[in-house]
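Enquirer: So the chains spell out like this:
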Amino acid sequence: MKHGIPILATLLLLSALSGAAFGLQRFPPPQFESGHKLPETLYPPPHADLFEYLDVAALAAALGVASWLAMKKRSRTALFALMLASLAYFGFWRGGCTCPIGAIQNVTLALFDASYTIPLIALAFFLLPLVFTLFFGRTFCAAVCPLGAIQDAVLVRPVRVPPWLERGLRLLAYAYLGAAVLFAATGSAFIICQYDPFVGFFRLSGSLWMLLFGGAMLLIGLFIGRPYCRFLCPYGVILGWLSSASRWRVTITPERCVHCRLCEEACPFGAIRTPAEPPTARDRAQAKRRLAHFLGLIPVLVVAGLLVGGVLATPFSKMHARVSLAERVKAEETGKVKGTTDATDAFYETGQPPSELYAEALALRGKFLTGGRLLGGFLGLVVGLGLVQLSLRRSRPDYEADRSGCLACGRCFDYCPVELDRRKKARERKE
Amino acid sequence: MEDQEKKPDRRDFLRSGLRGACLLGLGGTLGFLATRSRKADLVWQIDPEKCIQCGKCATNCVLKPSAVKCVHAYAMCGYCELCTGYFEPEPNALNTAAENQLCPVDAIKRTFVEDPYYEYDIDESLCIGCGKCVKGCRSFGNGSLHLQVRHDRCLNCNDCSIAAACPSQAYVRVPSSHPYLYPKGYTPGPQQDEPKP
Chain A
1 MKHGIPILAT
11 LLLLSALSGA
21 AFGLQRFPPP
31 QFESGHKLPE
41 TLYPPPHADL
51 FEYLDVAALA
61 AALGVASWLA
71 MKKRSRTALF
81 ALMLASLAYF
91 GFWRGGCTCP
101 IGAIQNVTLA
111 LFDASYTIPL
121 IALAFFLLPL
131 VFTLFFGRTF
141 CAAVCPLGAI
151 QDAVLVRPVR
161 VPPWLERGLR
171 LLAYAYLGAA
181 VLFAATGSAF
191 IICQYDPFVG
201 FFRLSGSLWM
211 LLFGGAMLLI
221 GLFIGRPYCR
231 FLCPYGVILG
241 WLSSASRWRV
251 TITPERCVHC
261 RLCEEACPFG
271 AIRTPAEPPT
281 ARDRAQAKRR
291 LAHFLGLIPV
301 LVVAGLLVGG
311 VLATPFSKMH
321 ARVSLAERVK
331 AEETGKVKGT
341 TDATDAFYET
351 GQPPSELYAE
361 ALALRGKFLT
371 GGRLLGGFLG
381 LVVGLGLVQL
391 SLRRSRPDYE
401 ADRSGCLACG
411 RCFDYCPVEL
421 DRRKKARERK
431 E
Chain B
1 MEDQEKKPDR
11 RDFLRSGLRG
21 ACLLGLGGTL
31 GFLATRSRKA
41 DLVWQIDPEK
51 CIQCGKCATN
61 CVLKPSAVKC
71 VHAYAMCGYC
81 ELCTGYFEPE
91 PNALNTAAEN
101 QLCPVDAIKR
111 TFVEDPYYEY
121 DIDESLCIGC
131 GKCVKGCRSF
141 GNGSLHLQVR
151 HDRCLNCNDC
161 SIAAACPSQA
171 YVRVPSSHPY
181 LYPKGYTPGP
191 QQDEPKP
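If you're matching them up, the sequences are chains A and B in order.
Residue numbers are given in this note's numbering: position 277 of the first sequence equals residue 277, and the series is strictly consecutive.
Residue numbers are given in this note's numbering: position 196 of the second sequence equals residue 196, and the series is strictly consecutive.
Treat the hints as calculated values from the structure; they're not laboratory data.
Errors might be hidden in some of the hints.
Distance ranges between label pairs, derived from CB positions [what the hints assert, rightly or not]:
| hint | chain 1 | residue 1 | chain 2 | residue 2 | range |
| --- | --- | --- | --- | --- | --- |
| 1 | B | Gly28 | A | Asp283 | 40 to 46 Å |
| 2 | B | Lys64 | A | His259 | 56 to 62 Å |
| 3 | A | Ala85 | B | Arg110 | 46 to 52 Å |
We put the beta carbon where it would ideally sit given N, CA and C, even for glycine.
Given these sequences and hints, build the entire structure.
Expert: Right, here's the structure in full:
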C-alpha cells in the first residue's frame with residue numbers, strides 16, 4: 001500500500017463499507033445529506049461519418065472533373081483552378097487526412113492483420129484514384145491530390161533535372177513504398193503519415209522538424225517541380241504502374257505532332273519524350289548484348305537485395321514498439337542498462353512474464369526478416385528492370401508524354417501550335 | 001486517336017491485358033477487404049487501464065493544446081477533502097494550501113458540497129491533458145479521473161502521433177459508435193447518479 005493512504009483515511013473519516021463496484025474503490029462515493037446531485041460526465045460524439053462519405057463523393061467528383069478537363073477540355077487554367085479547389089477542400093479544410101497516399105498503409109494492414117478492420121472510407125480513398133488512373137492516367141496527381149497541389153502552386157521557375165539524377169532519385173520512392181508496406185504489414189508504424197511533409201501546413205500545426213522538412217520541400221519546389229511527387233511519393237509509384245496500362249491518356253497535341261520542338265521544354269517534371277529514330281542494325285546488335293547483360297544482372301541484384309534486406313531487418317524491427325520494448329527489458333534484466341523507462345515500467349506493471357514478450361518479439365523479428373528480404377529483393381528487381389528499360393531502344397515518331405511519369409497537369413497544351421490552332425478554330429466556330 | 005483507325009498492335013494488346021489484370025486485382029482487393037471492413041469509421045481512444053500518465057498526450061498531439069483531456073467519472077469519485085488529484089500527493093505536504101495544487105494550468109475547480117465533501121470539476125478549455133491529476137487520483141484515490149481523447153477536438157488522424165509515442169501502448173482504435181473507454185467497473189449513465197444504499 002502506498003504511504004499516503006493512512007493519512008487520508010484518518011483525515012477523511014470514511015466508512016469502509018458500501019459495495020465496491022469499481023476497480024480502485026479506496027474511498028466509497030459519499031451519500032450526500034444535502035441531496036447533492038452528481039453532475040453528468042459529458043462524452044462528446046465523434047464527427048458524423050456523413051462527412052466522410054461526403055469526402056468520398058467529393059473525391060469521385062474531383063477525379064471525374066479532372067479527367068474531363070485534361071482529356072476533353074484540355075485546359076490548364078481550369079485544371080489549375082480545380083487543383084486549388086482540391087487544395088482548399090482536401091488540404092486546408094479537411095486537414096489532409098485521410099488521403100489515398102496514407103490509405104496504402106490501411107490497406108496493407110488490413111491485408112496482413114485480420115483483426116484490423118479497415119474503414120470503407122479508407123478503402124474507397126485507396127481504390128478510386130487507382131481505377132481512374134487505369135482509364136485516364138494520373139489525373140489524380142494533376143488536380144485532386146492536395147500534396148501535389150501545394151507543390152504545384154509554388155512552382156515558379158522550373159529547372160530541368162538531368163535524366164540520370166531523375167531516375168536515381170526516383171528509386172527513393174520505390175524504397176519508401178516498400179518500407180511503408182513493411183512497417184504497415186508488421187503493425188509497427190504508419191511512416192507515410194508520420195513523415196508527411198505538408199500535413200503540418202494543412203493543419204497549421206506539427207512538430208518543428210516536420211514543418212522545417214515541409215518548408216524545405218516547398219523551397220526546393222520553387223525550382224524543381226513537385227519534388228515529393230517525383231522522388232518520394234509511394235502512391236505515385238503505384239499510379240505510375242497503373243498509368244502505363246491506362247486506356248486513354250493525356251496527349252501533348254490534340255491531333256498530329258508537327259515536330260516543332262516547342263513543347264520540348266514545356267514539362268517541368270521531365271516527362272516529355274523526344275522522338276527517336278528506329279535503331280539501325282548495328283545499334284540493335286549492341287543493344288541486344290547490353291540487354292543480355294542487364295537481364296543477367298537482375299538475379300544478382302535481387303540476391304544482393306535479399307542479403308542487404310536480411311541484414312537491415314534487425315534495425316528495422318526496432319520500429320515496432322514491442323520489439324524495442326523487449327530489447328530494453330532484456331537489457332534491464334541482464335543489467336546492461338541501469339534504470340527503467342516509462343515503457344518498461346508500464347510493462348512490469350502489467351505483470352506479464354518477460355519470456356512472453358521475448359517470444360512475441362522473436363516472432364515479430366521473424367516477420368521482419370521475411371519482409372526485409374522481400375523489400376530488398378523488390379528494390380533489386382526495380383533497379384534491374386530500370387537498367388533493362390534503359391537499354392531498350394524503341395522508335396518514337398512524335399513528341400510524347402511519358403506514360404508513367406506524366407502527371408496530366410496540362411502545361412504542355414499551351415506550347416503546342418496545333419493545340420492553339422484548334423482553340424482558334426473552336427472559337428471561330430462559336431462565333 | 002480514333003481517326004487514325006490503326007489496328008491494335010502487340011503493345012496495345014499487352015496493355016489491355018495488363019489493364020484487365022489490374023482491374024481484376026483491384027476488384028479482388030476490394031472484395032477481400034470488404035469482408036474485413038467496417039461501415040463506420042474507427043477513432044482513437046485511450047484505454048484508462050493501460051495508461052501510465054507519462055505526459056506524452058500533452059506534448060505529442062498535433063493540436064495545441066492536445067485533444068486529450070482529463071475526464072471525471074463523478075460516480076466513482078470519493079469527493080475527498082484532500083484529493084490527491086488536486087493536491088500534491090506528498091504526505092508531508094498534503095494539506096489544502098494553495099501552493100500544493102497539482103494542476104499546472106489550474107483546470108480543476110474545487111467546490112465545497114457538504115462537510116467533508118468537495119466536488120472537483122475539470123475545465124476542459126484549460127486542461128492540457130498532462131495527466132498529473134490522473135496519476136495522483138489513480139495512485140492514492142479511486143481512479144475517477146482518467147485521460148480520454150475528446151472527440152469534439154480530435155482530428156482523428158490516420159496515424160495518431162500520440163499513439164506512436166505512447167510508451168504503454170494504451171492507444172487503441174475503437175469503433176466510432178462506442179468512442180470512449182471507461183475505467184474498470186464504471187459505466188456512465190443516469191443510474192450512476194444516485195449511489196446504491
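Enquirer: Hints the structure violates: just list their numbers, smallest first.
Expert: Of the numbered hints given earlier, the structure breaks none, since each of them holds.
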